[in-house]
Amino acid sequence: MNDRRGFMPFSVAGFLILMLVLTMVGHTAWSRHQLATGTVEDVTCESLLATAASIQGDLQHIARYATYRALWDVCEHANYYDNDESREDMIEWVATEYFMEHVSELPQAYKHLDARVELEFQGLQLSFESFPSLDFFFDLLDTLSAWPSFDLHLAENGYALVEVRLPKQTRIRVSSWDNCTTLALPCENFKVFIDCRYFLLQERMGKFVREFDDIRSSWKWAEYAAAWGQALAGRVKFSESRSKTLFRLSWANHELKTFGSADYPAVAMGLANLDTGALAGLTSDANAAIEPVSTTDVRMMISYVDGGIQALERARAELMDVDRYIEHAKDEVQENSYPLENVRLEISSAIASVGRALEHVREVHQQFQHLLNSIASKRGNNIMMLQLYDGLTSSSGNYPSPAGRVSLGVEGVESKLMELKGRIDAQVQRIQSSNELDNLGNLLSQLHSYVGTCVQGLIAEPTPKYQESYEEYPDPSTYDLEDDPSPTTRNARIYIMERNDGTIGTLDATLKDIKTSLERMEDVAGDFELEQEELSGAEIDEELMQVLLGDLDLQFNQQAEFDREQLYELSPPTPIRSQPGLSVFNEFDIRDVMYRRVDPCGRLGGARAPPTPIPLWFIGVTLYWGQWEVTLELENKPIERIFDFPNQTLPRPLLEGGRTGLEKIHKPLGYRFELPRTKFSFTLLIISPRYFNIDADD
Amino acid sequence: MDKRGQAYVIDMLLFALMVALACSLLIKASPTEPNAIDDRYAANLAQSTLLAFQHATAGELGGFKYTPDILAVQIPWSSGERDLHHKTLAQLLVEDMFCNLRVEVGGRNIAPLKPNQEFDRQVRKFLETALDEIVGGRFDYRLVARTMPIDLSPAARVHFETSIESFNDNGRRQACSETIRMCLPIPRWELLLGIQDIYPVSNSRLEPRALVEITLSLWSK
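For the protein sequence lines, the chains are A and B, in the order given. Each residue of the first sequence is one higher than the one before, starting from 1 at the first, in our numbering. Each residue of the second sequence is one higher than the one before, starting from 699 at the first, in our numbering.
For the record, the hints were derived by calculation from the structure and aren't laboratory data. Please read all numbers here as calculations on a predicted model, not as lab measurements. Here a beta-carbon is modelled for each residue, glycine too, at the ideal position from N, C-alpha and C. Please note that the accuracy of each hint is not assured.
Quick partial rundown of chain A residues pointing at chain B, CB under 8 Å, derived from the structure [as the list claims (entries may be wrong)]:
(1) 52
(2) 54
(3) 265
Chain B side only, calculated, beta carbon under 8 Å to chain A, not exhaustive [unchecked claim]:
(4) 707
(5) 715
(6) 749
With the hints as constraints, model all of the structure from the sequences given.
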């Protein structure tokens with residue numbers, strides 16, 4: 001026990017343990033400090049990044065609202081710009097300006113709230129108290145390089161995308177509270193989606209303006225449909241209220257075609273004062289009523305008549321041959337140089353020619369029957385064809401109808417040719433029984449004399465059996481408003497009153513007269529078809545008619561607080577068609593509608609004068625012609641505005657430009673266009689086979 | 699007790715004292731703070747949520763529609779419904795404030811006569827659903843959005859504040875609070891004109907720029 005070597009007191013051991021623990025704790029503390037320092041740096045960096053990202057987000061947010069405002073401002077006066085490019089340029093300018101207005105004060109505002117944040121914007125110091133003038137932009141041209149640029153692009157489905165390029169070296173600098181960590185994030189380009197379909201609105205309005213004349217065409221179609229319907233019923237009357245209604249309807253039709261909707265609430269609110277009676281009958285069936293007769297049909301009729309005339313030519317030639325054959329036989333016998341067999345052959349040829357002439361004359365009858373059958377097959381509900389068939393087949397005076405005259409004429413010629421054939425046959429019998437050459441010569445001389453007289457009688461220039469005078473005005477195809485509208489007196493001649501009058505000459509004259517009348521009809525039809533080209537495809541959409549004439553249960557009392565346009569801004573009408581989904585507003589007042597009568601009788605007798613007759617004497621038809629210059633004038637330049645109905649996303653004052661304090665609401669982007677045209681006119685031409693009265697508006 | 703015995707006792711006591719000291723040092727130094735990790739996660743989540751507010755659209759979260767009640771009259775030809783599915787959540791919040799700015803005079807709101815209250819209601823409802831989905835599983839939350847008050851006079855100011863929260867107990871420990879700031883999308887001159895319609899204020903009295911502060915605070919459940 002007394003040996004103390006190797007002895008260590010407990011206190012020393014305890015001291016050693018304490019030192020060991022202190023070393024461990026010290027090391028742990030140091031490690032934790034190191035870890036904490038790292039964590040603080042991580043958290044600081046994350047926080048700084050989040051702050052910088054939120055500022056970038058705010059810049060995008062500002063760019064979006066700057067674009068919203070620019071779109072609203074520019075689209076309010078979309079017609080101020082020459083083309084789409086200049087309009088888009090202006091939107092970019094105005095958006096840049098609004099953006100700068102916000103951004104120029106942003107560094108100060110952020111710094112004020114959070115000293116860590118610093119925005120570097122190339123020293124721009126701009127502020128605006130109101131909407132800047134164009135001069136403002138020109139003054140700033142020198143500093144353009146320091147400005148951000150906005151590029152407006154088309155996104156999907158007509159939406160807009162704006163690409164913002166900030167000046168170079170634009171940075172967001174964020175520092176930690178202890179200034180130990182600083183994050184400088186370059187911020188030069190970003191894209192922002194704009195949730196309204198500006199490009200769709202621009203494209204559709206462009207189409208509306210480009211095809212603006214379609215309104216006039218549709219109005220013309222509607223007026224034609226109404227007037228032609230009246231003409232067939234026997235009384236044409238123009239009325240301003242009807243024309244105003246039809247014009248508004250045509251306007252709505254153009255809207256529906258272009259935008260998929262129309263300003264139908266205007267009708268419900270009673271603003272359009274529609275004469276609903278005028279809308280009845282404006283269906284696609286009206287097209288059939290408007291067409292009097294097609295030139296193709298008339299040309300086909302003329303071709304049948306031509307066929308008859310050519311058959312008569314051939315008959316005439318055959319008859320000349322008959323005369324020639326007989327004359328030849330006679331001459332040969334008289335000169336004693338001709339064998340008898342040859343004489344017989346000549347006479348047989350003459351008989352064959354008479355037979356062929358007979359066939360040709362019968363062909364005239366067949367061609368005329370084809371003509372009548374063709375007209376009969378097209379009669380249906382076509383008034384013109386009915387009238388034409390009636391005119392050709394019914395007698396309207398002391399003379400047979402054209403078909404009767406042709407029929408009598410053919411029968412008369414047939415009878416004469418049969419008689420001629422019979423006489424030649426009889427002579428042939430006598431020639432065959434005669435053996436003396438002298439007697440044969442006499443017989444042939446007699447036959448030649450008879451044939452000559454007969455052929456001359458058949459092909460001679462005809463003499464009229466009946467004459468009638470009538471007045472003829474210039475027809476639409478040759479009519480000029482500078483011309484004298486007075487009529488000229490003409491004589492109509494009838495060559496065939498009975499069967500005996502039938503000769504190739506009288507038949508030929510009769511067919512040529514018929515052809516002349518048909519050719520005049522073709523001219524009139526052609527003239528109308530020129531007008532009709534414009535009417536093709538200009539029909540009023542039946543869906544629109546259903547909406548307007550349907551059960552529009554839109555009881556509504558207009559609020560004095562808002563005008564109609566403001567009301568549409570706040571609550572645009574649901575579009576008629578879901579695609580493309582645009583609401584439509586229009587505003588125009590019709591000052592006056594004028595109808596100037598310009599057909600010859602109208603010029604001579606005034607607005608209520610009967611229609612000008614176009615007698616197609618030889619086909620038994622009289623066409624009645626009325627022509628008007630119809631002009632409509634608007635009070636002011638019309639306004640058309642379309643709204644992006646599905647995207648009512650722009651936060652705007654409740655009442656634009658008014659004193660509504662801070663009241664705001666989401667509105668759709670409206671694209672407003674003031675159209676320059678205030679006058680619309682067209683020529684209304686009525687050609688009817690039935691007489692109609694004309695009334696002027698009271 | 700002889701001297702050796704006394705020395706031995708003192709030695710033992712010193713030993714015991716030093717061991718006790720070493721143990722206390724070890725105990726004090728060893729535990730880490732679990733809350734620190736939780737707070738960091740919460741802060742990250744809050745920052746991400748606010749960034750998502752700036753970039754995620756309402757359409758991505760099921761869509762947002764509302765029918766304004768600002769018009770006193772039902773217009774028969776229109777549904778009046780606004781579909782704002784392209785807007786980001788932050789946009790909805792900022793526009794809510796933009797459409798419901800108030801002028802407070804002597805503690806009483808005098809404007810607007812027709813606030814867009816339905817929009818406010820629907821935005822709050824929509825954001826509540828969104829926050830429930832994003833943070834509601836792990837944390838309780840409070841989202842406060844307010845304009846920087848614009849003082850017009852000592853007694854009058856323009857402001858708007860809205861809050862969406864998942865609980866009412868303020869006594870619990872807050873895990874984090876993150877803030878982003880955004881511009882109120884109204885030019886100064888327009889704001890001035892709007893205010894001047896209802897309250898006389900001179901140009902110079904107006905703050906240069908109206909900002910909105912959006913703060914998201916999270917509490918551990």
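These are the hints, each one checked on the structure:
no., hint, result
1, 52, "violated (11 Å)"
2, 54, "holds (4 Å)"
3, 265, "holds (5 Å)"
4, 707, "violated (10 Å)"
5, 715, "holds (7 Å)"
6, 749, "holds (6 Å)"
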